[in-house]
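Novice: The residues making up each chain are set out below.
There are 2 protein chains.
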Amino acid sequence: MNNNEYYINECIKLAKNGAGFVSPNPLVGCVITKNGKIIGEGYHKKYGSPHAEVNAINNAKNKKHNLKNSTLYVNLEPCSHYGKTPPCIDLVIKEKISKVVIGIKDPNPEVNGKGIRLLKKAGIKVEYGILKNKCYELNRFFIKYITKKIPYVTLKIAQSFDGKIALNNNKSKYITCNESLKFVHKLRSVYDAVLIGKNTALIDNPSLTVRLVKGRNPYRIVIDKNSKLPEHLKIFTDKNSDKTIIINSPKNKKILLMNILKALYKLNITSVLVEGGANIFSQFAEQNLFDDIYFVIAPKIIGDGISAFRDFKITTLSKTKNLLLYNLFLSGDDIILHYKKSDINK
Amino acid sequence: MNNNEYYINECIKLAKNGAGFVSPNPLVGCVITKNGKIIGEGYHKKYGSPHAEVNAINNAKNKKHNLKNSTLYVNLEPCSHYGKTPPCIDLVIKEKISKVVIGIKDPNPEVNGKGIRLLKKAGIKVEYGILKNKCYELNRFFIKYITKKIPYVTLKIAQSFDGKIALNNNKSKYITCNESLKFVHKLRSVYDAVLIGKNTALIDNPSLTVRLVKGRNPYRIVIDKNSKLPEHLKIFTDKNSDKTIIINSPKNKKILLMNILKALYKLNITSVLVEGGANIFSQFAEQNLFDDIYFVIAPKIIGDGISAFRDFKITTLSKTKNLLLYNLFLSGDDIILHYKKSDINK
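In order, the protein sequences belong to chains A and B.
Going by our numbering, the first sequence opens with residue 1147, and the numbers climb by one from there.
Going by our numbering, the second sequence opens with residue 1147, and the numbers climb by one from there.
For the record, the hints were derived by calculation from the structure and aren't laboratory data.
One thing to keep in mind: the hints can contain errors.
When chains are identical, the list treats them as one kind, so a pair holds in a single copy or across two.
[As the list claims (entries may be wrong)] Straight-line distance between alpha carbons at most 30 Å, and here's what the computed DSSO-like set of lysine-lysine pairs gives:
#	residue 1	residue 2
1	K1319	K1486
2	K1487	K1266
3	K1459	K1319
4	K1180	K1159
5	K1332	K1162
6	K1192	K1332
7	K1192	K1374
Bound conformation, chain A alone (with noise of 0.2 Å):
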């Protein structure tokens, strides 16, 4: 790692702390340094409060550092609109900071070297393209959203290894160990939404909460043709009942997914968790509209029981969609294996 990559890898960090709270937002981390020393660190902390520059800048200043000659990193490019906030460009201006490095330009199209371009006019040096797949990876919920005007969508699959989610009488509690229900809840932390389908929710009536570890709520959607649901649901009744959403699908036979997607844009929900059930992950696929799959194995053997994708069917082994293993890690008893499609971004 060099030091751009260093610093950059740096303000990447500290953009993740603010992973749950910023959407729809990107996730920023910024770090200024001057003779090679760190002088300023900030990160965007919610939506609608300061952006990473504005706060590493007032870091460094709290700290009765002087900002001119400085370097300042961070990892997308720096907006120079006013939005709920000024646009930071003037503030890195306005404090003669002489050089800018910037992980990825701005994914909006709009804007995109906009601000490049108005920093290199003020004459700052700029250097960008650094670790330029970690930055994309950091922000996917934010490009997809930002690019496609569909939300991030992955599915999160507890099964045994033989590829069963629930026994044929729909019973699933618990297949997957305790650990394993931690990460779930961690992904639920930092995705805007949780999605399931009626049967979910009339089967396993679930909170889809964050419990197990520290994080706010999901948004939870619940499919549901005919708005059937009884009222009594934890959905309904707990004390986050006012982020529950519940979609009418048309009813025909196949749900209009890109619709649905569509109309959680719009909602400015940029990450959507799907939990289940079989037809749901089934329509999912049939539609092609995933970016990534959470496969959590237990080592259990079910049988006879319901496949995840039970009500999609490929006609020929050539027609399978293949996906890129892209990390896996071992979760007390089971193991999660962590899928991408290989087009994605495409």
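Since the structure of chain A is provided, determine the placement of chain B on it from the hints.
Specialist: Only chain B this time, still in chain A's reference frame:
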């Protein structure tokens, strides 16, 4: 690793060279040291040929070493009885070797500890119980065979990550990648026999030989209730047809696997690699007669297809057999999970 562990580990490495060729004998490697230097080494190469100790002693003598006051390391207790060859104990005593370090005692309850007693009686220093787990693992086939009087049984299941071993039309060539096929051929080269059901024989017409790697071919066992397999199948017509065994199980609904395994024991088969299909896998799960499972998982979604344990069913989640993840490794685009029954050797 102390000295004893280091040299026993060398024995294990040597012993592995015999894999696939020594059955129903155990895998044994032997190292002889004198004044802190290895002066001889050897392993059991082939059933009926000299034991590891004999090969190591001859190796040292060929290099003109005097074995007096040397130390002999061996992963398994030396034999004290006449089998195909004279007892190794006699040779060790005759050569005036002063110390013998043994990985594990002979698992055969009839001779267990007898070699150690005879060595001590002859005034030779003996240590044993070195790298025990590794030594048990090395000879898991032999130990199961000698103590339980049935072969060690491994299920090899190649599946999509949604747990499907074939499409509904039975097509399964090839779900997994070429690297994984090589891995399976490597397995075949060390198991005494490969076992499949009648349907797999009919539908896939497999040769079940070792082609993609170097190694010897296993016996091919087909369970066929009616002995109605057509004569044109590869297993009957290729040049290994003398290694094909057809088992006519009685016409019960359930295959009496224990009887089959007992019959295979009588044929000196110490290990069986079960390669499907779903009915066979299900029966082994139902009758709880397997020792471990290799899951070769391809990054593919198949959806509605055939599950490995389709004909097996648990009634409640608390009744699932928990397995232990023993090893995992990447194989091209696939991932291979190796699970063991937690009650092995109990």
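Novice: A separate judgement is required for each hint: does it hold in the structure or not?
Specialist: Structure-based check of all given hints:
1. Within a single copy, K1319 and K1486 get their C-alpha atoms as close as 27 Å, and across copies as close as 24 Å, so both meet the 30 Å cut-off.
2. Neither within a single protomer nor between protomers do K1487 and K1266 lie at most 30 Å apart by alpha-carbon distance, with minima of 37 Å and 64 Å respectively.
3. When the C-alpha separation of K1459 and K1319 is checked against a cutoff of 30 Å, the pair qualifies both within a copy, at 26 Å, and between copies, at 17 Å.
4. For the identical chains of this complex, K1180 and K1159 are intra-copy neighbours only, at 20 Å inside a copy versus 56 Å across copies, given an alpha-carbon limit of 30 Å.
5. When the C-alpha separation of K1332 and K1162 is checked against a cutoff of 30 Å, the pair qualifies only within one copy, where the shortest distance is 13 Å, while the shortest distance between copies is 44 Å.
6. For a Cα distance limit of 30 Å, the shortest separation of K1192 from K1332 inside one copy, 18 Å, qualifies, whereas the shortest one across copies, 55 Å, does not.
7. When the C-alpha separation of K1192 and K1374 is checked against a cutoff of 30 Å, the pair qualifies neither within a copy, at 36 Å, nor between copies, at 71 Å.
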